[in-house]
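A.B. asks: In order, the protein sequence lines correspond to chains R and C.
Residues 1 to 290 in our numbering are what the first sequence spells out, letter by letter.
Residues 291 to 523 in our numbering are what the second sequence spells out, letter by letter.
Please keep in mind that the hints were generated in silico from the structure rather than gathered at the bench.
On a predicted model such as this, the values are computed, not experimentally measured, just so you know.
Some hints could be false.
Stated by the list, open to error - In silico BS3-like pairs for lysine-lysine, Cα to Cα no more than 30 Å straight-line:
# : chain 1 : residue 1 : chain 2 : residue 2
1 : C       : K467      : C       : K414
2 : R       : K237      : R       : K262
3 : C       : K467      : C       : K488
4 : R       : K237      : C       : K416
5 : R       : K237      : C       : K414
6 : C       : K467      : C       : K416
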Amino acid sequence: MSELLQFLFSGVTIGAVYALVALGFTIIYNASDVVNFAQGEFVMLGGMITWFAHAAGLPLPLAALIAIAATACLGVAMNKLMIEPARGAPVVSLIIITIGASIFIEGAAQLVFDKQIHSFPAFSGDAPIRVGGATILPQSLWVTGGAIAVFVGLWLFFTRTLLGRAVLATSNNRLAAQLVGINTTFVMTLSFALSAAIGALAGVLATPITLTSYGVGIGFALKGFAGAMLGGMGNPKGALVGGFAIGMIEALTAGYLSSQYKDAAAFVVILAVLFFLPQGLFGRTSTDRV
Amino acid sequence: MLTVEGLRSRYGRIEVLHGIDLEVQSGEIVTVVGANGAGKTTLLRCLSGVQPVSSGTITFRGEALVPVPAYRRLARGLAQSPEGRQIFTNLTVEENLRLGAFLFADDRVEKDMDDAFRMFPVLKEKRNLAAGGLSGGQQQMLAMARALMGRPSCLLLDEPSMGLAPIIVAQIFEVVKGIRDLGVTTLLVEQNAFGALKIADRGYVMETGHITMSGGAEELIADPRIREAYLGI
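Could you build the full structure based on these sequences and the hints that come with them?
C.D. replies: As structure tokens, then:
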């Protein structure tokens, strides 16, 4: 029993990271129907920049803030330099561009930073908290809390604010969005900045547990993508639930089958979703009348 | 209020507007009629800024409009209800209307929405439903109501009767007539020449990228060439 609880705790922790990545996917997808496969690189940059700034002598909170701000700027640059010039291209082309961006950022990180594995101290110490025979690290609570806070923030943004609805309107009909006075270029810039900042936050929160290096991005992107697909692309609630579910499935696979299969779990989920539930758990079925 | 001079526009290398001259006075309903492919929609797309202009000028309330990006034109008072309605299908009726007033965050938004519901009671019934599930006529009403939420001084209406049943078309034209009473000037583009000319003050006839005739609406309806080519009488 305590064994199962322990697996669930580690599932929640890693699931929270995937949920944050999936939430990052949600914003750009909602604004443009593009799945941004560079989302994982934002997570990597969050961790790496924080480590380097911290190693250079800055206090950890300041280093984390710098990492999030710098990654947000990089997200904006990616939109301006790679996505905007290709506006009007089919969504598939744009998605392929984001894969290229991901490879580019990974390569650049190798050169700018280094090829070592890094970590920095957990925010509230490393003393495990005992719960019902299992233990949970304080940092896990930070990650989980971060994922839930971002979810609530995004949910309020999309359902309660006019700007949030403007983002949804832009993805639904860019022409009409312009005609009602929405600056669609700004909406895209904003969504890339937000997505990148959320990705970097995930990296900052997760690095004390998962460690970071230049190459961790693609793994996070694929697991987060699996979470977003499972929950239903574009729905913040789906991203949260899907992310946690992938984390759980992965932890239980590692615990009860073999940790060698844990990475396969996410891909089995992607395939199963594509076969049986293409809309995801919370995805909207489209009911357009022509 | 709106003056167009020598307007040319092209899709790639193919020019579709070959120098359009047109004028709309404040308080008028002016219609541009013509067959499918005459360039009517392209003209409206130039006016709302989503189609590049290759030469010529557009003056709106004394200001040159061509350099103004599309999303800033509503703030100048120019709204468009586009061809094919282009409503936000994944949002509710009410959210569509609220986005029509995207530029505003004052008390008048509520009041304008009540006015829109009074004008189109069916939209009030469906206010919390996804707009994509509305019928064609209801979508057209929503597109017009959304454009009016932006508090325009001039409304560009593109083919409001397209694809609708005759009884709905009559209703829509009644509404267009009523928009004048709100103090909004209207430029109406229509293939349904008879319906449009009946409610308009003046009309222009467009053929393959040129204005070929213009005049008072009654005069045009009476013109034998128009009767033969467009009215089928």
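A.B. asks: For each hint, tell me whether it holds in the structure or not.
C.D. replies: Results for each hint:
1. About 21 Å separates the Cα atoms of K467/C and K414/C, which keeps this hinted pair within 30 Å; it holds.
2. Between K237/R and K262/R the alpha-carbon distance is near 24 Å, which keeps this suggested pair within the 30 Å criterion.
3. Proximity of K467/C to K488/C is assessed by CA-CA distance (about 10 Å); at most 30 Å being required, the pair is judged to hold.
4. For the suggested pair K237/R and K416/C, the alpha carbons sit about 25 Å apart, so the restraint of at most 30 Å is met.
5. Distance check on the hinted pair: K237/R and K414/C sit about 29 Å apart at the alpha-carbon level, within 30 Å; holds.
6. Taken as a hint, the K467/C and K416/C pair is honoured in the structure, with Cα atoms around 24 Å apart against an allowance of 30 Å.
This entry satisfies every hint, going by the numbered hints stated previously.
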